[in-house]
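A.B. asks: Each chain, written out:
Number of protein chains: 4
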Amino acid sequence: MNDAPPSAETAAVEAVRAQVSALHAELTRNGLVVWTGGNISGRVPGTDLFVIKPSGVDYDDLAPENMIVCTLDGAVVPGSPGSDRAPSSDTAAHAYVYRNMPEVGGVVHTHSTYATAWAARAEPIPCVITAMADEFGGDIPVGPFAIIGDDSIGRGIVATLSGHRSRAVLMQNHGVFTIGRDARDAVKAAVMTEDVARTVHIARQGGPLVPIPQDAIDALFHRYQNVYGQNPEGALS
Amino acid sequence: MNDAPPSAETAAVEAVRAQVSALHAELTRNGLVVWTGGNISGRVPGTDLFVIKPSGVDYDDLAPENMIVCTLDGAVVPGSPGSDRAPSSDTAAHAYVYRNMPEVGGVVHTHSTYATAWAARAEPIPCVITAMADEFGGDIPVGPFAIIGDDSIGRGIVATLSGHRSRAVLMQNHGVFTIGRDARDAVKAAVMTEDVARTVHIARQGGPLVPIPQDAIDALFHRYQNVYGQNPEGALS
Amino acid sequence: MNDAPPSAETAAVEAVRAQVSALHAELTRNGLVVWTGGNISGRVPGTDLFVIKPSGVDYDDLAPENMIVCTLDGAVVPGSPGSDRAPSSDTAAHAYVYRNMPEVGGVVHTHSTYATAWAARAEPIPCVITAMADEFGGDIPVGPFAIIGDDSIGRGIVATLSGHRSRAVLMQNHGVFTIGRDARDAVKAAVMTEDVARTVHIARQGGPLVPIPQDAIDALFHRYQNVYGQNPEGALS
Amino acid sequence: MNDAPPSAETAAVEAVRAQVSALHAELTRNGLVVWTGGNISGRVPGTDLFVIKPSGVDYDDLAPENMIVCTLDGAVVPGSPGSDRAPSSDTAAHAYVYRNMPEVGGVVHTHSTYATAWAARAEPIPCVITAMADEFGGDIPVGPFAIIGDDSIGRGIVATLSGHRSRAVLMQNHGVFTIGRDARDAVKAAVMTEDVARTVHIARQGGPLVPIPQDAIDALFHRYQNVYGQNPEGALS
Chain A
1 MNDAPPSAET AAVEAVRAQV SALHAELTRN GLVVWTGGNI SGRVPGTDLF VIKPSGVDYD
61 DLAPENMIVC TLDGAVVPGS PGSDRAPSSD TAAHAYVYRN MPEVGGVVHT HSTYATAWAA
121 RAEPIPCVIT AMADEFGGDI PVGPFAIIGD DSIGRGIVAT LSGHRSRAVL MQNHGVFTIG
181 RDARDAVKAA VMTEDVARTV HIARQGGPLV PIPQDAIDAL FHRYQNVYGQ NPEGALS
Chain B
1 MNDAPPSAET AAVEAVRAQV SALHAELTRN GLVVWTGGNI SGRVPGTDLF VIKPSGVDYD
61 DLAPENMIVC TLDGAVVPGS PGSDRAPSSD TAAHAYVYRN MPEVGGVVHT HSTYATAWAA
121 RAEPIPCVIT AMADEFGGDI PVGPFAIIGD DSIGRGIVAT LSGHRSRAVL MQNHGVFTIG
181 RDARDAVKAA VMTEDVARTV HIARQGGPLV PIPQDAIDAL FHRYQNVYGQ NPEGALS
Chain C
1 MNDAPPSAET AAVEAVRAQV SALHAELTRN GLVVWTGGNI SGRVPGTDLF VIKPSGVDYD
61 DLAPENMIVC TLDGAVVPGS PGSDRAPSSD TAAHAYVYRN MPEVGGVVHT HSTYATAWAA
121 RAEPIPCVIT AMADEFGGDI PVGPFAIIGD DSIGRGIVAT LSGHRSRAVL MQNHGVFTIG
181 RDARDAVKAA VMTEDVARTV HIARQGGPLV PIPQDAIDAL FHRYQNVYGQ NPEGALS
Chain D
1 MNDAPPSAET AAVEAVRAQV SALHAELTRN GLVVWTGGNI SGRVPGTDLF VIKPSGVDYD
61 DLAPENMIVC TLDGAVVPGS PGSDRAPSSD TAAHAYVYRN MPEVGGVVHT HSTYATAWAA
121 RAEPIPCVIT AMADEFGGDI PVGPFAIIGD DSIGRGIVAT LSGHRSRAVL MQNHGVFTIG
181 RDARDAVKAA VMTEDVARTV HIARQGGPLV PIPQDAIDAL FHRYQNVYGQ NPEGALS
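Chains as they are written, first to last, in UniProt numbering: chain A, 1 to 237; chain B, 1 to 237; chain C, 1 to 237; chain D, 1 to 237.
Note that these hints are calculated values from the structure, not bench results.
C-beta: ideal position from N, C-alpha, C; glycine also.
Heads up, some of the hints might be wrong.
[To be verified] Pairwise CB distance ranges, derived in the manner of DEER restraints:
(1) D:149 <-> A:75: 55 to 61 angstroms
(2) A:22 <-> D:60: 45 to 51 angstroms
(3) A:60 <-> B:60: 15 to 21 angstroms
(4) B:207 <-> D:45: 33 to 39 angstroms
(5) D:45 <-> C:7: 58 to 64 angstroms
(6) D:66 <-> A:152: 48 to 54 angstroms
(7) B:205 <-> A:84: 46 to 52 angstroms
(8) D:66 <-> A:60: 23 to 29 angstroms
(9) A:100 <-> C:124: 56 to 62 angstroms
Could you build all of it, start to finish, from the sequences and the hints given here?
C.D. replies: So, in structure tokens, the structure goes:
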């Protein structure tokens, strides 16, 4: 028990474990994942820890108890509940984002169908619908091709999203990573990314798209980040 | 409590709150919305009020108690249940329709995938299937590009649908608004709009479409508005 | 009560009412219908009656009690349960099929998306997958454009399917009608029609299709009609 | 009872009957099958038996009791529970695989939409997304056109997959067969096959695909077979 996190952090850790576990149901409900694919993590506020899904476990079997607590270098905190399991194979990428983007409180990764289709062409999703201007403030960009196993995926995410309005990046030939103020906000971004990836794909199959003027995109993004919802909190960046 | 609606109206308001709340389940069941997107409103018969969804609230959390009562200028009725929340960010557009189309008792707005795809090309949906002739009496038209924040969306809806057989308008680069005799009728129009938007999109991907002669469209529309169902009530316009 | 069907028929009628009511859940489960669209009927064995869905009633509200009993000329049997409601607006087409194809015990009509997309182009679905050879013995044919309101839809179905291996016909600009030994068999045909309509559409979007040799189609159809399942009963025609 | 398997095998048989029965729910949950289509089998460890689904039975009615035990030549073991029913019409193909690929412990067959669409063009699925490199180590290959009724389907599967990294084969004009260490592993391969078949189809509809370099495919496949999940066991072949 000497290695367990101190009691002061425990409540915060437990809250994030519960939230991150529950949010995974949104990935299946929205059809963003199959089998054991995809993963969500959340930073534990006031600590240098984050919570992430275990590797290769069925969605039906996810529970707060088997979420895994990691330090910001991606190492499992020994002795914490769930620490007997391997964390998501994408843990290093999540950790890199948390280390390098302190404003980020949640990260989501999926291979959702339409977003991944754009990624397989290394093509940004053009901003031709107002919901996309609201949510992403413009195009959803493409990040580099990067092989799992070192920091190259994390570096690609951070390099693409730093200073960008979009909370989503299409990693070439791979899938989508989204960031948010917290895990729920990142999940929302993942849901909206697939929704606009699908709508814009289908729109373009039918003929030429009508662009939205840049000043209208700017106005929509500004309003949405400051007005929409019950507790508008402003954009991430 | 002085600001609460008078007792005579209370029962009518409560009935519409219950109906509008329940109808939102049809949007998710039919796959027309994601996350907190989309909204339904219903006019309160015999009053100058309508009921609308709150802004940015999860579909699972919608209930009669948190539906919001507004006057026809789009202002929340102070002191009424739910009045501590912000109404849908599309409330001004709904209000504009109710003020200017007295025959309308319900309004629905979604970003449903296929309808929005036609909207991103500013292209009307051609009437090539009989279900579309039945329900919409011809093409589903496109309304102007309009920015949220003033009456321009409402004006675009009313200008496009006034005197038109269609109860649905594709707002350019945005999504679909539908109207109906009541909220349920507008929801039906939203469901049918996405259904025909999808079918006609897929049909055209496979090759040239066969048009329906105008006199057949007219005959189908007339019959459906007067004969179909248990209690035919005639078309809106 | 004098107009009620005689007691000898009552049990048979009730059995078909229960079956036809329950089968409608397969239409929603398989995504073949939206709102109140689509309908199933079943012939009552040993009688000149059939049972059909009421017009414009929610799928959630369908029950054996509100199924409607009709004579083979499409008239509601007065005094029978459900006879206070209007039958499906497609009742005349079902009745025409039962009058003219005595081997048919069930009829299904839907506007399922992909089948209707082929119908909007008046294009038969080519037999390029073995499941289609098994089930339909070749292409799924197109029937004429016909307006609801007289026998022209029924005539088009019968003219297209009489002597044809296929149990499904794509009615131009309209949707699909399927027939079967009984209502369940016709529902299976409706499910399989949409499945092959979707698969072949998607296949052709990706490039040229590989045809199946006619002798292989014949062999597959013959085997499937005589061998597959627990109680093979042979093809309809 | 003389023909029943000896008591030593009974427990092993029962375990596989339970697993194979339960796994069929994954086929419907993932949208890989319609009506009674598709089938799963699992080899009984330490025996010359395998367990397979009965022919033409509703998915809702599948249960451990009606799974069918077969010998490796595809004959039903007489006297065993379920032996009064006909096994899947694809039993001969499953048996051929078990006889000729001793490392295979599970076989799955579906007509899932997108995989079958590639099969109708006799076109391999190119490896352009990293999940496909992980799971299949390269392209998903096409097997020959083969008619049901003798060993030609089984021979086509074995000839295509022997020595191949892929655990899935697209049988021309037919559908997909997958193999695995056990039935669950083969089901995972079936789920992933449809997922990549859909994603790559949609990707290519939008424009040219970006290839993944062969050395990156090799690195991804090697890592995934040895590192991913809680109990990595290595690839099949």
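A.B. asks: Next, verify each hint and record whether it holds.
C.D. replies: Hint by hint, here is what the structure shows:
1. D:149 <-> A:75: 55 to 61 angstroms: 58 angstroms, holds
2. A:22 <-> D:60: 45 to 51 angstroms: 29 angstroms, violated
3. A:60 <-> B:60: 15 to 21 angstroms: This hint holds: roughly 19 angstroms between Cβ atoms.
4. B:207 <-> D:45: 33 to 39 angstroms: 52 angstroms, violated
5. D:45 <-> C:7: 58 to 64 angstroms: 59 angstroms, holds
6. D:66 <-> A:152: 48 to 54 angstroms: The hinted range 48 to 54 angstroms holds for residue 66 of chain D and residue 152 of chain A, with Cβ atoms some 51 angstroms apart.
7. B:205 <-> A:84: 46 to 52 angstroms: Holds, since residue 205 of chain B and residue 84 of chain A (Cβ atoms, about 51 angstroms apart) stay within the stated range.
8. D:66 <-> A:60: 23 to 29 angstroms: 24 angstroms, holds
9. A:100 <-> C:124: 56 to 62 angstroms: The hint (56 to 62 angstroms, Cβ to Cβ) holds, given that residue 100 of chain A and residue 124 of chain C are roughly 58 angstroms apart.
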